[in-house]
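Enquirer: The numbering of the sequence shown is my numbering, which starts it at -6 and goes up by one.
A portion of the hints provided could be inaccurate.
Said to hold, decoys possible - Result set (DSS-like, lysine-lysine): computed pairs, CA atoms no more than 25 Å apart in a straight line:
(1) 157 to 331
(2) 344 to 273
(3) 115 to 228
(4) 321 to 335
(5) 344 to 115
(6) 157 to 344
Since the hints were made in silico from the structure, they are not lab data.
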Amino acid sequence: MNKRIALFAIVALLAYGCKDNNKPADEFTISPDAGSNYKSGDAIALKVNIPSGAKIDSVVYLVDSARVGASKDSSAVNLKTDSLSLGARVITARVYQAGKSQELTTNINLLAAKAPEELGFKVEKVFPHDTSSYTEGLEYHDGILYESDGGRLTEETGQSSMRKVDLTTGRVIKMVPVDPKIFAEGITVVGNKVVQLTWTEKIGYVYDKTTLKLLDTFTNNVGVEGWGMTFDGTKIYMDDSTNRIWFLNKDTYQQTGYVDVYDNKGPVNKLNELEYINGKIYANVYGTDDILVIDPKTGAVLQKADMTDLYLTRNAGADVLNGIAYDKATGRIFVTGKKWDKLFQVKFFKK
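Go ahead and model the full structure; you've got the sequences and the hints to work with.
Expert: The structure is reproduced here in C-alpha cells:
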C-alpha cells in the first residue's frame, strides 16, 4: 500500500511539474504566436501579457531590431505592415521593470497582400536563336543581344561562353569561351562592362562590353549559388536558386541588402534569369513556364504569366524557358529558352 501511495505521489508530482513548465503562470509572454501568417497591409497587435500582480515601467517593441512602438502597460501596439519586406520577421518586446529589462521574442511570416494578377501575352515577332546556347543570361543593349551560354565541356551542356548576338539573324557576332571546367550563369550590363556569374564556382567575370575582353574577375560569396542578374541603373540584383534576391554594389559586387520573394501563399523558390523593366523585376522560375513580375522593394509577386503556349512544338534538344531581355529604347521584350531555335518578341497584357 505504501508503495502504491508513493508511486501515485511521484506521478502526481511529475504531472504538476509538466503542467507548470508548459504554462507558467508567473512569466511574461508575447503575442502573436510564433509562426503566425499575415498578409502585407494587415495591422498586427503586438502585446506582452503581464503576470497578475506584476508591475512594469514600459515595453518597447522592435521588428528586426528597428523600434516600432512602445507601451506603459499591457495594452497592444498596432504594427503596420504595408511598408515591411515580406518573409520572416522577428518581433522583440523589451520589458523594463524595476531598473532591469528582459526580452521576449516571437516571429511572423508576412505574405503578399493578394494573389498575383494573371497576365496574358502576345507574340509580336519571332527571331532565330542558336541551339548550341544553353541560355543562362540574356541582355539587349544598343542593338545587340548579349548572351551567357552555360555548361561544362565534360557535360551534355557543353563549354560555357560569353556572346554578342545579332538579333535579326541569330548569328553569333563575337564569342569568348569560358574555362571549360566553369559553368557560366546570369549576366548584366553595367555601363561599358558585362558582368557574368558562375553557378557553383563562386567566381564572377567582368568583360569589356564592346570587345568582350576579360577585364577582371571577382570572388562571389553571396548566396547559395550564382543564378540570374539584372541592373536598375543604381544597383545589381542577383538570385541564388532560392526565393531571395540579393542587392550588389555595382562597382565592388559586394552585398548591400536583399529582399525575399513571396506570393500570397508563401515563398517562391528557384528564381532564375532576371530582367529589370519599368521599376519591376521580371523573373523566370526554373523548371516552369512561368514569368513573374516582382516588386523589388517588398519582394511581392505582383503578376504572373504562364508561357506554356509560347512554344508548344519545340526543336529537338530544347530545354526549359530561360532568358528575358528588354529593349529600353523601344519597350520590346524578348524571351527564349535553353537550346531553343527561336527567340520571341512578346507583349504582356492584363487578362
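Enquirer: Which of the listed hints are broken here?
Expert: 3, 6
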